[in-house]
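From first to last, the protein sequence lines stand for chains Z and V.
According to the numbering used here, the first sequence is numbered sequentially starting from 6.
According to the numbering used here, the second sequence is numbered sequentially starting from 6.
One should not assume that every hint holds.
If several chains are the same, the list does not tell them apart, and a pair holds so long as it fits within one copy or across any two.
Calculated pairs, DSSO-like style, for lysine-lysine (alpha carbon to alpha carbon, straight line, at most 30 Å) [stated by the list, open to error]:
(1) K320 <-> K57
(2) K300 <-> K155
(3) K294 <-> K155
(4) K184 <-> K201
(5) K285 <-> K96
Think of the hints as simulated: they come from the structure by calculation, not from any bench.
Because the structure is a prediction, the values reported are computed rather than measured.
2 protein chains.
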Amino acid sequence: MKLYVGVDLGGTNIGAGVVDENGRILHKDEIPTGVGRPYQEIIKDMGDLIKKVIKNAGYVVDDIVSIGIGSPGVADKEKAFIVYANNLYWKHIPVGEELRKYVNLPVYIDNDANVAGLAEAVCGACQGYRNSVTITLGTGVGSGIIIDGKPYSGSHGAGAELGHMIVSVDGIECTCGNKGCFERYTSATALIREGKEAAKTHPESLIAKTVKGDLDKINAKVVIDAAKAGDEEGLKIFRRYIHYLTMGIITIINIFDPDIIAIGGGVSRAGDFLLDALNKEVEEHIFYKDLPHAKLCISELGNDAGIIGAAMLGKIN
Amino acid sequence: MKLYVGVDLGGTNIGAGVVDENGRILHKDEIPTGVGRPYQEIIKDMGDLIKKVIKNAGYVVDDIVSIGIGSPGVADKEKAFIVYANNLYWKHIPVGEELRKYVNLPVYIDNDANVAGLAEAVCGACQGYRNSVTITLGTGVGSGIIIDGKPYSGSHGAGAELGHMIVSVDGIECTCGNKGCFERYTSATALIREGKEAAKTHPESLIAKTVKGDLDKINAKVVIDAAKAGDEEGLKIFRRYIHYLTMGIITIINIFDPDIIAIGGGVSRAGDFLLDALNKEVEEHIFYKDLPHAKLCISELGNDAGIIGAAMLGKIN
Numbered sequence: 006m007k008l009y010v011g012v013d014l015g016g017t018n019i020g021a022g023v024v025d026e027n028g029r030i031l032h033k034d035e036i037p038t039g040v041g042r043p044y045q046e047i048i049k050d051m052g053d054l055i056k057k058v059i060k061n062a063g064y065v066v067d068d069i070v071s072i073g074i075g076s077p078g079v080a081d082k083e084k085a086f087i088v089y090a091n092n093l094y095w096k097h098i099p100v101g102e103e104l105r106k107y108v109n110l111p112v113y114i115d116n117d118a119n120v121a122g123l124a125e126a127v128c129g130a131c132q133g134y135r136n137s138v139t140i141t142l143g144t145g146v147g148s149g150i151i152i153d154g155k156p157y158s159g160s161h162g163a164g165a166e167l168g169h170m171i172v173s174v175d176g177i178e179c180t181c182g183n184k185g186c187f188e189r190y191t192s193a194t195a196l197i198r199e200g201k202e203a204a205k206t207h208p209e210s211l212i213a214k215t216v217k218g219d220l221d222k223i224n225a226k227v228v229i230d231a232a233k234a235g236d237e238e239g240l241k242i243f244r245r246y247i248h249y250l251t252m253g254i255i256t257i258i259n260i261f262d263p264d265i266i267a268i269g270g271g272v273s274r275a276g277d278f279l280l281d282a283l284n285k286e287v288e289e290h291i292f293y294k295d296l297p298h299a300k301l302c303i304s305e306l307g308n309d310a311g312i313i314g315a316a317m318l319g320k321i322n
Numbered sequence: 006m007k008l009y010v011g012v013d014l015g016g017t018n019i020g021a022g023v024v025d026e027n028g029r030i031l032h033k034d035e036i037p038t039g040v041g042r043p044y045q046e047i048i049k050d051m052g053d054l055i056k057k058v059i060k061n062a063g064y065v066v067d068d069i070v071s072i073g074i075g076s077p078g079v080a081d082k083e084k085a086f087i088v089y090a091n092n093l094y095w096k097h098i099p100v101g102e103e104l105r106k107y108v109n110l111p112v113y114i115d116n117d118a119n120v121a122g123l124a125e126a127v128c129g130a131c132q133g134y135r136n137s138v139t140i141t142l143g144t145g146v147g148s149g150i151i152i153d154g155k156p157y158s159g160s161h162g163a164g165a166e167l168g169h170m171i172v173s174v175d176g177i178e179c180t181c182g183n184k185g186c187f188e189r190y191t192s193a194t195a196l197i198r199e200g201k202e203a204a205k206t207h208p209e210s211l212i213a214k215t216v217k218g219d220l221d222k223i224n225a226k227v228v229i230d231a232a233k234a235g236d237e238e239g240l241k242i243f244r245r246y247i248h249y250l251t252m253g254i255i256t257i258i259n260i261f262d263p264d265i266i267a268i269g270g271g272v273s274r275a276g277d278f279l280l281d282a283l284n285k286e287v288e289e290h291i292f293y294k295d296l297p298h299a300k301l302c303i304s305e306l307g308n309d310a311g312i313i314g315a316a317m318l319g320k321i322n
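Based on the provided sequences and hints, a complete structural model is requested.
Structure below.
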């Protein structure tokens, strides 16, 4: 059984795990990232963490095939550089070279959303399918595009940003500087924004009552639970949410025609309530009605997708 | 020098040519498609045309590596089936099997827009680039997506329909049944629609004057020429057109991050006037401003792209 290390490099924590070739985590651990320190320090800590998880899993470095890193932002896969990672304040960091000072193994890097998609393709909801798309509905909307079993991220590593498809020209302003991006309408943040507005204008709504008028307590679950309970304001927001999510998924189908689309992130915890509504509206808007089209499902690996997918970069390379 | 036959199967004509491995057409010819006849008759005519162009190019069937066909609609590449081609009234037609009754060579099929993109990648505007997208601004908006040198059309052959990205949820109704598709705003048809409206409400505009009030004579060139001449109505339409085209191109960059995007079709004859306006607005909306991004250019092969790209299916397979 071949073994790999996967590293989930986040703005808050660095997670690392020893993963077998089937995508099973044998042992994992995490440390705070300590953003703001020199990158050399952070990468030294990452090296220590990697050595620690290998040891605690009962192996030595020589048992491991490679290290894979899932990083926010843009990665140069070939040079194992992080080109640009906004929430680490990193630009052009030679992660592979630096990390090999501490653990002498091949290092692969890809974007965190891409490796999460890879994890779902290797051993999660998209297992057994050649072409898949995983979208993550959280603070923003992340996405991993798997073509022929490999993450696709374009010529400069900046692709697969489905959260920044423009679905409403001149629509709501996005953090990226454009207007009308998919994530403005389909992230958890969008549900919260609309939930707050509804609670303000409709203090009689279940959304307002659930948080006892404390608008800062409104999260995606509060809004979706209100919709589930049949609350008028909750339903209005949820239907609009499903409508925009459908239009994005139709666009993804018309562009990629994948075998399967997995939906992850906080909002996906709504499970069948989300999936049933989505399937119903997607069916109505499919272009080639006579042909098979992508199946929709909820992603399976949750937060572990980061470590697993990063580890699997070594398997597919 | 290896030789291939490329067939451009259209609703009006069937074109065929002998093409060398560099994508140069040695000889070509065409016949009317005669849509509505049994598919066996049409494919027999196609076989005769292929034999004729091989002979007139000075070769025999055994000199040819393979036949490639660019077809409207959806193709099953592996079985050499046309799954669905609306303007031929074809569904599930075993083109490869039928054609081999007349010319016994391997047969490859792909969508006509995909093969046009392949032609540009092999020997046109996108030559030398690994990942490219060609969009064709004509009656509709067609597109060919080339990933790692090969056309990408998804798991069921129904992808790469960039004309049906939804760029304006609940926007203008599209022939596909959805609303707000990219092609509703960026096809020649869109320019004509808006040109007619402007000519109606502004009979003093250059658009109305150019066609002497005969609205049926308004085409994309009339509208763009009015913009070039500084006509207020023409400029309004052109700016809006560039705005939507930019937003679609930004979406393409955020999704595919290709090396290059080629723009073809009737509207692309506006050349630098189109490209300069587009480059200016695209630069303003690029997400990762510190990274290199796709270059924009005008496609080079015009109508020959269909025959050349179809022929090249044999080269890449």
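Results of checking the hints against the structure:
1. In this assembly of identical chains, K320 and K57 lie within 30 Å of each other by CA distance solely inside one copy; the values are 22 Å within and 50 Å between copies.
2. Taking the shortest alpha-carbon separations for K300 and K155, both the intra-copy value of 19 Å and the inter-copy value of 25 Å come in at or below 30 Å.
3. For the homomeric pair K294 and K155, the shortest alpha-carbon distances inside one copy (28 Å) and between copies (26 Å) are both at most 30 Å.
4. Taking the shortest alpha-carbon separations for K184 and K201, both the intra-copy value of 21 Å and the inter-copy value of 29 Å come in at or below 30 Å.
5. Taking identical chains as interchangeable, the C-alpha atoms of K285 and K96 lie at most 30 Å apart only when they sit on different chains, with a minimum of 26 Å there against 43 Å within one chain.
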